[in-house]
Amino acid sequence: SQQGEEDPQALSIQEGENATMNCSYKTSINNLQWYRQNSGRGLVHLILIRSNEREKHSGRLRVTLDTSKKSSSLLITASRAADTASYFCATDAERDTDKLIFGTGTRLQVFP
Amino acid sequence: NAGVMQNPRHLVRRRGQEARLRCSPMKGHSHVYWYRQLPEEGLKFMVYLQKENIIDESGMPKERFSAEFPKEGPSILRIQQVVRGDSAAYFCASSPRRNHYGYTFGSGTRLTVV
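Line order of the protein sequences matches chains G and E. Quick note: the first sequence uses our numbering, first residue 17, plus one each step. Quick note: the second sequence uses our numbering, first residue 1459, plus one each step.
No wet-lab data here; the hints were simulated from the structure. Heads up, a few of these hints could be off.
Label-pair distances were calculated between CB atoms; the ranges are [said to hold, decoys possible]: (1) G:125 with E:1554: 33 to 43 Å; (2) G:34 with E:1528: 44 to 54 Å; (3) E:1520 with G:32: 42 to 52 Å; (4) E:1478 with G:55: 19 to 29 Å; (5) G:54 with E:1486: 22 to 32 Å; (6) E:1499 with G:128: 23 to 33 Å.
Yeah, the Cβ is synthetic: ideal placement off N, Cα and C, and Gly gets one too.
All chains, please: the whole structure from these sequences, using the hints.
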């Protein structure tokens, strides 16, 4: 079954630095989404990129999608301590859009 | 708009007991999704429901687990005869229609089986 894999599993940086997380998936998709999860909390939707898009921006977030490599990256620029959280990519399946397939997540720690 | 409400936030059950997890979707949302998250893992799809209908239960264990979304009231995820392996965080998400992207998730119910 399709499964997303995030890389790295954990990332520690200083405030002000950029954080890059990568996600790979296995099957054709309609779109890919990134979610954030603070410790012990639910998921918050960050950004969605469609399969016909290559790059998308939202504030300090930049997402790229390479469907030929079945991979996506999330870049957080000028990170803040409040960005500390786990970040998950999630894909639908081209023929089954009713459920999301989540990756294993990247745990980001931003030190002040 | 209160968002997706899940209760209880934490639930402790002894092995063999029943667990009932509730999810009230956002106002106007008639589609509900349940996901399970084991420690240090991503979310795994369990079931997708619309009012009074189960649309996709391909992620539900065949035994002991059931879900419903009645015409009135919250969606219920029911786990009978819980075992230690059921300990996890259970998240509910809702959307206003099918194929709507960017679900709204609740804060989850953390089930601990002792």
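So, going through the hints one by one against the coordinates:
no. : hint                          : in the structure
1   : G:125 with E:1554: 33 to 43 Å : holds (35 Å)
2   : G:34 with E:1528: 44 to 54 Å  : holds (48 Å)
3   : E:1520 with G:32: 42 to 52 Å  : holds (51 Å)
4   : E:1478 with G:55: 19 to 29 Å  : holds (26 Å)
5   : G:54 with E:1486: 22 to 32 Å  : holds (26 Å)
6   : E:1499 with G:128: 23 to 33 Å : holds (29 Å)
Every hint from the earlier list agrees with this structure, and none is contradicted.
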